[in-house]
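Participant: Going down the list, the protein sequences come from chains R and L. Residue numbering for the first sequence follows this note's numbering, starting at 12 and increasing by one per position. Residue numbering for the second sequence follows this note's numbering, starting at 37 and increasing by one per position.
Just so you know, these hints were derived from the structure itself, not from any lab. Source: prediction; values computed, not measured. Please note that a few of the clues may not be correct.
Said to hold, decoys possible - Partial list, derived from the structure: chain R residues whose beta carbon lies under 7 Å from chain L:
| hint | residue |
| --- | --- |
| 1 | 53 |
| 2 | 54 |
| 3 | 107 |
| 4 | 111 |
| 5 | 113 |
| 6 | 116 |
| 7 | 118 |
| 8 | 119 |
To be verified - What follows is a list of derived Cβ distance ranges for each label pair:
| hint | chain 1 | residue 1 | chain 2 | residue 2 | range |
| --- | --- | --- | --- | --- | --- |
| 9 | L | 59 | R | 121 | 26 to 32 Å |
| 10 | L | 55 | R | 26 | 39 to 45 Å |
| 11 | L | 91 | R | 19 | 33 to 39 Å |
| 12 | L | 52 | R | 90 | 45 to 51 Å |
| 13 | L | 39 | R | 72 | 18 to 24 Å |
| 14 | L | 140 | R | 39 | 32 to 38 Å |
| 15 | R | 39 | L | 144 | 40 to 46 Å |
As the list claims (entries may be wrong) - Computed, partial: chain L to chain R, Cβ under 10 Å:
| hint | residue |
| --- | --- |
| 16 | 71 |
| 17 | 79 |
| 18 | 130 |
Glycine included, C-beta positions come from ideal geometry on N, C-alpha and C.
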Amino acid sequence: IAGITQAPTSQILAAGRRMTLRCTQDMRHNAMYWYRQDLGLGLRLIHYSNTAGTTGKGEVPDGYSVSRANTDDFPLTLASAVPSQTSVYFCASSEIISGANEQFFGPGTRLTVL
Amino acid sequence: GQNIDQPTEMTATEGAIVQINCTYQTSGFNGLFWYQQHAGEAPTFLSYNVLDGLEEKGRFSSFLSRSKGYSYLLLKELQMKDSASYLCAVRDSDYKLSFGAGTTVTVRA
Numbered sequence: 012i013a014g015i016t017q018a019p020t021s022q023i024l025a026a027g028r029r030m031t032l033r034c035t036q037d038m039r040h041n042a043m044y045w046y047r048q049d050l051g052l053g054l055r056l057i058h059y060s061n062t063a064g065t066t067g068k069g070e071v072p073d074g075y076s077v078s079r080a081n082t083d084d085f086p087l088t089l090a091s092a093v094p095s096q097t098s099v100y101f102c103a104s105s106e107i108i109s110g111a112n113e114q115f116f117g118p119g120t121r122l123t124v125l
Numbered sequence: 037g038q039n040i041d042q043p044t045e046m047t048a049t050e051g052a053i054v055q056i057n058c059t060y061q062t063s064g065f066n067g068l069f070w071y072q073q074h075a076g077e078a079p080t081f082l083s084y085n086v087l088d089g090l091e092e093k094g095r096f097s098s099f100l101s102r103s104k105g106y107s108y109l110l111l112k113e114l115q116m117k118d119s120a121s122y123l124c125a126v127r128d129s130d131y132k133l134s135f136g137a138g139t140t141v142t143v144r145a
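Okay, chain R solo, but in the shape it has when bound:
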């Protein structure tokens, strides 16, 4: 199935627990992104990767880490979850050459930290 998949779809997590959100794309896009979406704040970039083996910090990186071992996968890890990390998390991918090259979004992971 072409596109981006995310897992899990939703998760309830106790504060202090470690959690990894998974993201896989099969479009061979070189760039991948993680966003969180909160009511009234819109989508905010957490981390990004312009190519396998490199990552960068977005607007709200604290408390999150990422890795990009290959082109297709871009997992997001919460080392010790806190309630303020309750949000909907979207993974996205795109090419990074001139032109539109819009970002394609996965279906999202709804995370609740108690």
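Could you slot chain L onto chain R? The hints should help.
Facilitator: Showing chain L alone in chain R's frame:
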């Protein structure tokens, strides 16, 4: 960084036209995007502008003025299925997107 403003909510009648404005202050402008997001779903791409002017795509059009830091999305012949949030996003020179908070459009019969 980017500072992107758009109205929070708009309501319109089926068959009507609605214009959603977006203003931005940016460093390293590399294009402006509009996305549509239905409740509980992922954002989907609607339009892209990098040069000044109007881009038309069926019932949807998007306009850009780089000198004014201004864009709008025009939705014509509104249908009930157009009820959604519309997200304005500015791309920087590093190909990262910054999003506005989104405009929720409600279409009434």
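Participant: Each of the hints needs a verdict: does it hold here or not?
Facilitator: Hints, verified against the model:
no. : hint                     : in the structure
1   : 53                       : 4 Å, holds
2   : 54                       : 4 Å, holds
3   : 107                      : 4 Å, holds
4   : 111                      : 4 Å, holds
5   : 113                      : 4 Å, holds
6   : 116                      : 4 Å, holds
7   : 118                      : 5 Å, holds
8   : 119                      : 6 Å, holds
9   : 59/L - 121/R: 26 to 32 Å : 31 Å, holds
10  : 55/L - 26/R: 39 to 45 Å  : 44 Å, holds
11  : 91/L - 19/R: 33 to 39 Å  : 38 Å, holds
12  : 52/L - 90/R: 45 to 51 Å  : 49 Å, holds
13  : 39/L - 72/R: 18 to 24 Å  : 19 Å, holds
14  : 140/L - 39/R: 32 to 38 Å : 34 Å, holds
15  : 39/R - 144/L: 40 to 46 Å : 43 Å, holds
16  : 71                       : 8 Å, holds
17  : 79                       : 5 Å, holds
18  : 130                      : 8 Å, holds
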